[in-house]
Amino acid sequence: MSLRTRLLLTLGLTLTLLWGLAAAWLLSGLYDQLEKTLDQRLAQSARMVAGLMEQLPEDAWAQARRPALSIPAIEGLACQVHSPRGEVIARTHADMAAVLTPGERGHAYRQEAGVTWRVFTYERSGLVITTADRMDERNLLLRNVIEVAVVPFVVALSGSLLMLWWGVASGLAPLGRLRQALASRHPEALAPVSTRDVPVEIRPLVDTLNDLLRRVQQAMVREQRFTSDAAHELRTPLTAIKTHLQVASRVEGEAARHSLALAEQGVARMVRTLEQLLMLARVEGQLTFDDGQPSRVTDIMRLACDDIGEKAGRVAVIDRCPDAELDMPRELAVAALRNLLDNALCHGGEDGGVTLIAAAQGARQLCLRVCDRGLGLDPDALARLPQRFWRDGKGRGSGLGLAIVAAIAERFGGELSFEAGDGGGLEARLCLPRRPSPACDVP
Amino acid sequence: MHVLLVEDDTLVAAGIRAGLGVHGFAVDVATSMREARAMIDGVASDAVILDRGLPDGDGIALLTEWRDSGREEPVLVLTARDAVADRVAGLQEGADDYLIKPFDLDELVARLQALIRRSAGRARPMIEHGALRLDTVTREVTLNGRPVSLSRRELVLLEAFLQSPRSILSSERLKDSLYGLSEEVESNALNVHIHHLRRKLGSGIIETVRGLGYRLGRPDALGARKTTP
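Sequences listed follow chains G and E, in order.
Following my numbering from start to finish, the first sequence increments by one per residue and tops out at 443.
Following my numbering from start to finish, the second sequence increments by one per residue and tops out at 672.
Hints are computed from structural coordinates only; laboratory data are not their basis.
Everything hinted at is true.
According to the in silico footprint, chain G covers these stretches of chain E (three or more CB under 8 Å from chain G):
1. 444-456
2. 460-467
3. 524-536
4. 545-553
We put the CB at the ideal spot given by N, CA and C, even for glycine.
Using the sequences and the hints, build the whole thing.
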């Protein structure tokens with residue numbers, strides 16, 4: 001049920017019911033009061049007649065065979081006076097014997113020729129006075145009173161209902177507009193919803209929605225960019241492979257062998273890019289890497305150096321914290337360090353040496369510093385280093401290695417930073433969480 | 444036909460260069476915008492293949508620069524990004540065609556030939572000059588309906604003349620078409636190829652314009668073989 005229908009039904013029904021009950025109460029009170037008042041009037045007129053008759057001389061009705069007094073009739077009202085002997089002394093209507101014949105004292109209803117009368121019989125000093133009131137006269141009066149009282153009542157009630165309908169409709173109009181605006185949007189549109197004319201009560205809702213839309217849009221832009229970059233990185237070696245294979249099928253001898261060798265280079269590059277993409281996806285995903293092996297820093301540095309093969313001879317290792325153990329899977333720590341070393345060896349100048357220093361940073365972290373002796377990078381390039389697919393102008397590497405290191409650092413609450421090294425080269429600094437251990441030799 | 448290839452990835456560039464070489468194109472490679480600017484002034488290219496992702500900027504910027512300065516070489520844009528916006532951007536900035544990596548070598552060759560043909564103002568791949576016919580796709584040459592066998596270099600040279608039938612082509616220009624910048628050419632190599640063409644198609648096929656270069660002969664001068672004893 002819509003909010004509007006619910007409000008209209010609840011308020012409308014309650015209003016009608018309350019006003020109806022009040023009206024019924026009023027009417028029943030009015031009816032009782034009117035009947036009581038008219039009855040009192042009837043009784044008082046009887047008493048008044050009795051008072052007048054009493055003041056007549058005793059013999060006024062003692063003389064027998066005197067014709068009964070006739071009083072000019074008033075519309076709707078009748079009266080008859082009986083002597084103590086039971087004779088009719090005076091009357092207003094001669095043809096109403098059934099109604100005006102005295103019966104029990106007090107009020108009663110009587111009928112005569114299809115007309116109902118309210119009758120009051122009163123006795124004083126032997127005189128019996130009967131007064132009667134025509135009921136349809138009384139009912140007419142009652143109806144008139146009710147009309148006067150009820151019409152404003154009905155008008156007020158319908159006015160209230162109309163105002164209620166208008167109030168609810170205009171009060172909910174901003175919600176309706178918001179609903180319309182949302183319904184008419186393209187399902188994939190991520191532009192913020194307009195907050196113009198939005199009532200204060202639902203403003204937080206719209207703000208939250210807009211915030212969500214903005215974040216979804218940012219995430220989508222990031223994803224699209226990543227997909228586009230990844231496609232670019234995979235298509236380029238694929239192009240090389242395809243072209244060289246096609247050339248190989250068109251030429252012969254040494255030229256064909258050369259083309260095949262180049263195609264293989266392309267395959268190797270593609271495999272490397274794919275592996276790094278998968279690694280990045282795994283690091284950023286929910287997969288666990290824990291293989292149960294202790295992550296001793298000494299082991300990590302040795303494994304990373306083993307991984308980079310013969311170029312490891314150019315790496316000078318300084319271990320200032322030999323017993324330290326990292327609080328993260330060994331496989332990832334090795335991968336991160338290997339990427340840093342690869343990067344330093346590749347970009348740190350031809351055959352330039354690389355220094356790897358492991359040192360504790362406070363009680364919780366251990367920093368691995370990789371310093372090369374290359375030309376370094378300008379500040380703009382430094383900031384872009386960990387971006388995915390960013391690489392220096394010479395187009396070496398996949399552009400993912402440092403992005404993977406940054407992702408690993410982020411996953412375990414570590415930090416990756418770059419700065420100009422003391423010797424002019426580049427210094428990469430990877431700080432990772434470590435387990436509590438005996439204090440290291442802090443330099 | 445000389446093609447300037449602007450591509451930063453050396454592996455891809457080597458592949459395209461070798462592939463186009465098989466089809467008789469002389470290819471020079473520029474690996475950055477800076478190199479490309481220097482080379483386009485130094486060599487007469489019949490077409491340019493332009494990669495978008497260059498180390499010193501977007502290839503499209505280079506294209507805009509060239510078009511603004513009045514360069515009219517047909518340009519085929521290579522891109523690894525297939526979003527419609529990426530493709531449209533190139534064409535709007537003055538590219539004549541585009542190919543998405545990875546492409547088929549045959550398609551690249553066909554598109555290049557079509558671009559060169561169009562820029563010479565021809566709609567059909569067949570070039571006719573009097574009794575001489577050259578099919579630029581099948582690379583077949585016939586004279587008076589009889590096939591003539593030409594070497595790869597001779598074919599390239601003949602095509603260069605047929606592409607611009609009324610122009611005088613300088614020796615430098617012809618050497619660019621044949622070898623590009625990268626190959627060391629012996630000083631009389633061009634003369635040797637011209638001599639072979641005259642021998643196979645008649646001495647009237649190529650006229651020597653003293654001091655300026657060479658020009659395609661008039662159609663009626665064809666087939667007048669030198670009577671060799």
